[in-house]
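Could you build all of it, start to finish, from the sequences and the hints given here?
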Amino acid sequence: EDKVVQSPLSLVVHEGDTVTLNCSYEVTNFRSLLWYKQEKKAPTFLFMLTSSGIEKKSGRLSSILDKKELFSILNITATQTGDSAVYLCAVRADYQLIWGAGTKLIIKP
Amino acid sequence: DTAVSQTPKYLVTQMGNDKSIKCEQNLGHDTMYWYKQDSKKFLKIMFSYNNKELIINETVPNRFSPKSPDKAHLNLHINSLELGDSAVYFCASSQEIISFNEQFFGPGTRLTVL
Numbered sequence: 272e273d274k275v276v277q278s279p280l281s282l283v284v285h286e287g288d289t290v291t292l293n294c295s296y297e298v299t300n301f302r303s304l305l306w307y308k309q310e311k312k313a314p315t316f317l318f319m320l321t322s323s324g325i326e327k328k329s330g331r332l333s334s335i336l337d338k339k340e341l342f343s344i345l346n347i348t349a350t351q352t353g354d355s356a357v358y359l360c361a362v363r364a365d366y367q368l369i370w371g372a373g374t375k376l377i378i379k380p
Numbered sequence: 012d013t014a015v016s017q018t019p020k021y022l023v024t025q026m027g028n029d030k031s032i033k034c035e036q037n038l039g040h041d042t043m044y045w046y047k048q049d050s051k052k053f054l055k056i057m058f059s060y061n062n063k064e065l066i067i068n069e070t071v072p073n074r075f076s077p078k079s080p081d082k083a084h085l086n087l088h089i090n091s092l093e094l095g096d097s098a099v100y101f102c103a104s105s106q107e108i109i110s111f112n113e114q115f116f117g118p119g120t121r122l123t124v125l
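In the order they appear, the protein sequences are chains P and B.
Okay, so the first sequence: first residue is 272 according to my numbering, each after it adds one.
Okay, so the second sequence: first residue is 12 according to my numbering, each after it adds one.
Hints are supplied without guarantee of correctness; some may be wrong.
Below, a list of computed lysine-lysine pairs in the DSSO-like style, where the Cα atoms sit at most 30 Å apart [claimed, not checked]:
| id | chain 1 | residue 1 | chain 2 | residue 2 |
| --- | --- | --- | --- | --- |
| 1 | P | K379 | P | K328 |
| 2 | P | K312 | B | K55 |
| 3 | B | K30 | B | K78 |
| 4 | B | K33 | B | K82 |
| 5 | B | K63 | P | K312 |
| 6 | B | K82 | P | K308 |
| 7 | B | K30 | P | K311 |
| 8 | B | K33 | P | K312 |
| 9 | B | K52 | B | K63 |
Cβ-Cβ distance ranges computed for the label pairs, FRET-style [as the list claims (entries may be wrong)]:
| id | chain 1 | residue 1 | chain 2 | residue 2 | range |
| --- | --- | --- | --- | --- | --- |
| 10 | P | T348 | B | T18 | 32 to 42 Å |
| 11 | B | M26 | P | R331 | 40 to 50 Å |
| 12 | P | E286 | B | N73 | 46 to 56 Å |
| 13 | B | T123 | P | E310 | 13 to 23 Å |
| 14 | B | E107 | P | S323 | 22 to 32 Å |
| 15 | P | F316 | B | N68 | 18 to 28 Å |
| 16 | B | N28 | P | T299 | 33 to 43 Å |
It is worth saying that the hints were derived from the structure and are not from the lab.
Since the model is a prediction, treat every value here as computed from it, not as a measurement.
Beta carbons are placed, not taken as given, at the ideal position from N, Cα and C, and that holds for glycine.
Have a look at this one:
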């Protein structure tokens, strides 16, 4: 059965810290991996990764995919309280998007 | 202007009732989706329509019936509501079928079945 597992489930850090969120997957016919940020409303898109080893970067956020080991990481440097959210990972397989349960990130001032 | 809108935002109802949630997108996208997000934050795809045609129909009870009157609308009708239907339901749209680009999500409808 296809599955996407995120870890940790929750994480509390102080402002300014760097965090690494993990997403591992077992999916048939992998096409791409996506990261979303969900605050109190709907998920908003962060990154889409299709190739191994190529880092995607947006400001303080970056992500990389390892298709051999079947995982991706999302890094956030110099965290701010506004980064507090649930970070969701989803894997596209053919016409399906399989979602992880998310990592709840809390940034303390 | 809201890109993907859902109504209502909150829905509280009794077990056994029938209810509908509406979704509209003004992005000109061809594909729309319904997701169910449970209390553990899993987002599970329920249905996907491309140009008014059903392309994904996951294992959901027959009590759930999507209807797409045109490609800008995808409504979700639920018959005989059960306690386990309580969740947040998200509508989303994308330009293509499970687009390589982002999916745009609606604000969600929090359904509570008592």
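Structure-based check of each hint:
1. About 24 Å separates the Cα atoms of K379 (chain P) and K328 (chain P), which keeps this hinted pair within 30 Å; it holds.
2. A threshold of 30 Å between alpha carbons decides the hint, and for K312 (chain P) with K55 (chain B) the separation of about 16 Å falls inside it, so the pair holds.
3. For the proposed pair K30 (chain B) and K78 (chain B), the alpha carbon gap of about 13 Å is at most 30 Å, so the pair holds.
4. For the given pair, K33 (chain B) sits about 13 Å from K82 (chain B) by alpha-carbon distance, which is consistent with the 30 Å threshold.
5. The straight-line distance between the Cα atoms of K63 (chain B) and K312 (chain P) is roughly 26 Å, inside the 30 Å bound, and the hint therefore holds.
6. Proposed proximity of K82 (chain B) and K308 (chain P) is supported: the alpha carbons are some 27 Å apart, at most 30 Å.
7. Distance check on the hinted pair: K30 (chain B) and K311 (chain P) sit about 24 Å apart at the alpha-carbon level, within 30 Å; holds.
8. With a C-alpha separation of about 17 Å, the suggested pairing of K33 (chain B) with K312 (chain P) holds against the 30 Å cut-off.
9. With a C-alpha separation of about 28 Å, the suggested pair K52 (chain B) and K63 (chain B) falls inside the 30 Å cut-off, and the hint holds.
10. Distance hint check for T348 (chain P) and T18 (chain B): the Cβ-Cβ separation is about 39 Å, which falls inside the suggested range of 32 to 42 Å.
11. The hinted range of 40 to 50 Å is satisfied by M26 (chain B) and R331 (chain P), whose Cβ atoms lie roughly 46 Å apart.
12. Against the hinted window of 46 to 56 Å, the Cβ-Cβ separation of E286 (chain P) and N73 (chain B) comes to about 49 Å, which satisfies the hint.
13. In this structure the hint that T123 (chain B) and E310 (chain P) lie 13 to 23 Å apart at CB holds, the actual value being about 21 Å.
14. Distance hint for E107 (chain B) and S323 (chain P): a CB-CB separation of about 24 Å, consistent with the stated range 22 to 32 Å.
15. Checked against the hint of 18 to 28 Å, the pair F316 (chain P) and N68 (chain B) passes, with Cβ atoms roughly 25 Å apart.
16. Distance hint check for N28 (chain B) and T299 (chain P): the Cβ-Cβ separation is about 38 Å, which falls inside the suggested range of 33 to 43 Å.
Taken one by one, the earlier hints all hold for this structure without exception.
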